[in-house]
Amino acid sequence: MTRYLARRLLLALGVLWAAYTVTFLILFALPGDPVSIMYGGDSSDITPEQLDALRAQYGLDQPLPVQYVTQLGHALQGDLGNSVVNGQPVTRLIADALPPTAQIAGSALVLAILVGGGLAVVATATRSRRLSGFLLSLPPLGVAIPSFWFGLTLVQWFSFEIPLFPALGNQGFASVVLPAITLALPTSALIAQMLSRSLLHTLREPYVDTALAKGAGRTRVHLRHALRNAALPALTVTGLVIGGLLSGAVVTETVFSRAGLGRLTATSVAAQDIPVVQGVVLVAATVYVLVNLLIDIIYPLLDPRIVTGARRRVAPPTTPTARPASVPAPDRVAVPAGGSR
Amino acid sequence: MTANERLLTVTDLAVSYRTRRGDVHAVRDVSLHVDEGETVAVVGESGSGKSTTAAAVVRLLAPAARIERGTIDLLGRDVAGASPRELQAVRGLLVGLVPQDPTVSLNPVKRIGDQVAEVLRIHGLADRRIAGIEAIEALRRAGLPEPEVRARQYPHELSGGMRQRVLIAIALVAKPRLLVADEPTSALDVTVQRQILDHLDTLTNETGTGVLLITHDLGVAADRADRIVVMSQGRVVEAGTPDEVLGSPREAYTKALLAAAPSLRGARRAPTPVAIDAPAALEVRGLVKDFPLPRSSGGGTLRAVDDVSFRVPRGRTLAIVGESGSGKSTTARLALRLAEPTAGQVLVGGDDVSHTRGSALRALRRQMQVVYQNPYSSLDPRWSVGQIISEPLRAFRVGDRASRAARTAELLDLVALPASVVHRRPAELSGGQRQRVAIARALSVRPDLVVLDEPVSALDVSVQAQILDLLADLQSELGVTYLFISHDLAVVRQVAHEVVVLQNGRVVESGDVEEVFARPQHAYTAELLAAIPGTAAHRPLVSASAGSSGTSRGGER
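These protein sequences, in sequence, are chains U and P. If you count the first sequence from 1, position 10 lands on 10 in the UniProt record's numbering, and the numbers rise without skipping. If you count the second sequence from 1, position 438 lands on 438 in the UniProt record's numbering, and the numbers rise without skipping.
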């Protein structure tokens, strides 16, 4: 397990480094540099000589590799530079913006897993075709609804028509509810879609028939046999959507005028605040990498077939193995030619 | 328990599947019964409705299936009309099911012991602790070595044969009165198959459990059943004791099925070879193939093929037989130069091609073509039959459009397919027809050698017989050389001139087919031969060849 973890961790660091480097290069390739953004424009009260002096001060006159190595060195020591707009350290800006975003993103994730997972389980477990059909039609709808529209609708109803929650701001738990729901909508739709597909597929597996032949009821088959197997692909998707939550926060925080990482991203991109943008990208990459690392750790716990290197075979099989799985059984279920399932 | 109690009575059962093109009647008016301590075999080909009948008895039919008529009486309970709750009380407790494919029938994320114990827990027969102990006991009775260790393992850590024993333990742990076994061994090697069936016999004999055995294999039915029910196209065409049904079949269908079944006494299909000392089309010398093992299991290498040498004379057939893992497929891949040998030589037409590369290797491919096991997956479903057959011609830039079309038509004729199939897609053809297409494709570039990798294993027996006949005809007509890979010794005896028996990557025996089969020198060959169903000593298939040519040349054991 330690070796498996060490390898995963090393890979994670590699991803972070790559993310940093790519952002650095792309931002460098953009027209304009931080100094001309700060003081430039048409204002002529600064002479080109002064601009050059400033560039020298920030190290921007250095060749690209030198700049890269210096900045990477600073980043490794936890110094991501200062905002070119207001001069504040990037780390501080991010540290301030992270908690409110974590609040809504965390709540949204929990909500999405509960709603999405619940919907998938009910839709596949119910005997009523009508209910199942209705529930299974919801996820595509959830993905299709634009979240800014959904957020504004929520505000219209639950802040103005029925004043239950504040329409904007960061004050207390009540202010988390509407943004979290807005953010959870597309995420839960994705999870529901993935899990219900996966459950429907799993429920057709032969081992489900084995469970039924034991005399197991529907609920038991669903929860004890199918769900754990079906959860694996859904888990992968959940890992991917957590990255999506961050970009969703840009829209959501703008709609609800909440301070947070999303708003910070939006404003610093608009102002071409390069150090901040780079810091945000690095944070997003870190979150992404950590989540996927966590999922890599959870996977073997859910599925014993994923060998982590720690698990040794207790005893090798002694009888000859079966023919490969590709060998078709002569007639699985005797659906006659042209039979459809 | 003087009179044997009637366990199962199926009366006038009819099951249909809803499809887009209307209802398909899979089972029509089937009646059968199973008494205590009795094994009843239902035999038939794919689509005969035998598996649907089995599924109906435990009410595990596909969602599209519907029981239209008839009753299924299990110890006085009406299964056909039972509610889900009533069914839960019956399944596992009164009737156990051994499914078809052990490799996919166990939940991959649950421990073996828990999966067996679950039956007892569901029916409230034992608490958690006692269920665990009884599960281990059931695994022991099912013949699993070290059941305490196995109970803590996961399905993927067990071989197919062991998994089937686990499924038997699951089916029998609650001591049901009836066992439904749907092709319980068709996914397993012959020797494992025999062990499993023997064990099933012992277990059910001890407890008086009735067995409804579904099989496509007449040999298995002849060896194991007290009564045989032959099904065709959803109907019971014949029923009776094995002696009645197999000894003197009344129905034409049963006769045809019997005639088609490969056995050790059926007629030879292989054409008489032109010359025994013909030059070798293919020769391999001292072939070795090592595969590195994953570091997680301790590293090192696995020697899949170990010092294999053989020679296939032109125009003859050499068969490589062995169980899964014996290295027969790897040997074929090495001979085809699809894999690099660790050591040894491959000679094609007398030239050493062990290290041929690039365009020379491509030219070599033209001399060696392959027909794969599964015609359902080896043909591109989006292509027409014509495109499939002419692909090698296009790949090797043979001829122009018109001459390729002519060659395709010629090939279709050669494999006895109507010219009209040229525009059809594989999905519109039957398994046998698809395999004919695969053979035509292999022959399109006039290869010297065709490697046949289990070419009939995925086909029904009667279709098998047709394909084997076709292969023999093609050989005498075109003089093509075959390297025939198979696990089925009965088939090998019919088509091959020479045989190489592989075990764990090594050649344990080789020589003339008749010679090897009549007087096996190695214990492993003898074991393989004895494991062929239909050779049980107590019940010989007396007139198995009655419907065919009537002769039984050689191979008398």
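Any given hint could be a false lead.
Not everything, but these chain P residues come out facing chain U in the computed CB check (under 7 Å) [as the list claims (entries may be wrong)]: (1) Pro-99; (2) Asn-107; (3) Pro-108; (4) Glu-118; (5) Phe-310.
If you are wondering where the hints come from, they were derived from the structure by calculation, not from laboratory data. Heads up, the beta-carbon is just placed ideally off N, CA and C, and yes, glycines get one too.
Going through the hints against the structure:
{"no.": "1", "hint": "Pro-99", "in the structure": "holds, 6 Å"}
{"no.": "2", "hint": "Asn-107", "in the structure": "holds, 5 Å"}
{"no.": "3", "hint": "Pro-108", "in the structure": "holds, 6 Å"}
{"no.": "4", "hint": "Glu-118", "in the structure": "holds, 6 Å"}
{"no.": "5", "hint": "Phe-310", "in the structure": "violated, 23 Å"}
Of the hints listed earlier, the one the structure fails to meet is number 5.
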